[in-house]
Every structure is written in structure tokens, then in C-alpha cells.
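One-letter residues, chain by chain:
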Amino acid sequence: MQPGRTALIAALLCGIVCAVPARAETIKVEIKNLVFTPAEVTAKAGDTIVWDNQDVFAHTATATDKSFDVMLPPKKSASLKVTKAGTFDYFCKFHPNMRGKVTVAE
Amino acid sequence: MRVIIYAALAALALSPLPAAAQNAKPNDAQIAHIAYTAGAIDIDAAKQALKKSKNKEVRAFAENMVKDHTAVNKQALALVKKLKVTPQDNPTSQALAKQAKDKRAELAKLSGKAFDKAYVDNEVAYHKTVDNALETTLIPSASNAELKSLLETGLKIFQGHEQHAEHVDAMLK
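Line by line, the protein sequences give chains A and B. No gaps in the numbering here: position 85 of the first sequence is 85 in our numbering, and each next residue is one more. No gaps in the numbering here: position 46 of the second sequence is 46 in our numbering, and each next residue is one more.
Isolated chain A, as found in the complex (with noise of 0.2 Å):
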């Protein structure tokens, strides 16, 4: 491919892609029956994880490593902007067999 045509696609692309600056987005987990739905999530630094609670009981999304300790009451939904890079396996303190990892980009 001649480098001019490569040029002119990344202008047309950056015309769709660029013109909106990268916007912070929220990524929804949803909890019912005791799982988080999906189990895994990938976000950039500086969006939102929003975890709706659809269970009657309370639980947490608890990093392995600490890094964060979300409460997440019953039939209550909770969030959490993320702003470090790195991958975070959670788990809920009350019910430590559920499971979920947040990947974050830069």
C-alpha cells in the first residue's frame, strides 16, 4: 500500500473515530443469583464499573489485592471509577465463591 493512501485512510478513520475525544464509559455488571454477569470486564483508566445488585442479599466486589472494596447492598446498585492500569481479580467477602476480574487499560 503506498504510503499517501495509508495516510488518507488514517484521515478518514481519525474523521470517525477522532472527532469525539475518548470519552469515559461506564460498564455495567449485573448481579443475580450469586454470579457476576460477565465475570470478566475490560475498561480504560478513568471509566466507571457500575455493579447492580439484583439479589437479596448483599455483597462486595472486593479486589484480591485490596486495591478497592465496593459495597454492594441489596437491590442497590454501586460504582467504581477505575484509574489504575492492571488486572483486578475480585471476589464478594460474604460469598467468596463469586468471582470476577476487571482488566484496565492505560
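These are computed hints drawn from the structure, not numbers from a lab. Wrong hints could be hidden among the right ones.
[Claimed, not checked] Below, a list of computed lysine-lysine pairs in the BS3-like style, where the Cα atoms sit at most 30 Å apart:
hint : chain 1 : residue 1 : chain 2 : residue 2
1    : B       : K82       : A       : K75
2    : B       : K156      : A       : K32
3    : B       : K101      : B       : K113
As the structure is a computational prediction, the values presented were derived from the model and not from experiment.
Got chain A sorted already, so can you dock chain B onto it with the hints?
Using the frame of chain A, we list chain B on its own:
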């Protein structure tokens, strides 16, 4: 197979069950009663712990047992009402209740760290037994789909509590 499993559940209590009970597959009314009783027992045990323990982790665990089992039992009561099933007392429920009563009396004599340890150890053992009963007998025997589904949620709750109890147990050492 079922006879062995049912007998294993019955073996929770030291007193042997009548032979007839060991051969019978529990019906939904009995299953509902057993599941409700298993939850109520754990609520009573937790209430005893909340009266006696000063350990933060133990108390947090016990508080969660009260909340979770109250929530499950509330769902169970709503379901039996909807299904027009009257929970039926049975030898397994009676054996569970008898054994729990004995355990509470035993724990009542303890205090401080000895109580905490004995309570949490019993919680690990108790949840294991109930998990096993749910998995091998109660869930496969349940004929109503909604009851089966509630028992499956109950199993996940109990398994979660077992792991939580193990964590608390590890912290007490």
C-alpha cells in the same frame, strides 16, 4: 444411592432415624421444611454468636448469616404460599433441629476465644453438611422447578458461607 445420601443427611444427628424415613425420597413439602429449618438453625446460631462474641470478624460473619438466611427463608415462605404447599415436618428436619439444639447448649458453656473458635468451626462443618444434602438429595428430589431453582440459589449461598467461615476460621488462628 438415594438411601445412602438420605441416611448421610440423617447422620447429622447422632440418633438414628426410623428406617422408613431413610428409604423415602423427600417430597416438596418436606424439602421446603428441611431447607427452611436449615436456614432457621443458622440464624439461631448466629444470634447466639452475636450475644456472646466480641470478635469483629465473627460478629460480621454472624450478622451476614442472619441477613442472608432471613432473606432466603422469606423467599421460601413466599414460594410455598404461592405453590399452596404446607411445609411438612419430617425426621430429617427433626434431626437437624435436635442436633442444633445440642450444639447451642454446648456453645453456651464457652466464652471468649474458645466460643469464637467453636462457633466458626461448627459453621464450616454445618454448611458443608447442608451443601452436601442440597446437592445430593434436596435439589435432585425437588419436583417443582421454582423450588429447585430456589434450592440452587440456597446452595450457592451456603457454599459462599462455607468459604466465608473458612476465612474467618483462618483469621482466628
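Consistency of the hints with the structure:
1. K82/B x K75/A: At roughly 22 Å apart (the allowed maximum being 30 Å), K75/A and K82/B satisfy the hint.
2. K156/B x K32/A: holds, 11 Å
3. K101/B x K113/B: Holds, at roughly 21 Å.
Violated hints are absent here; each numbered hint is respected by the structure.
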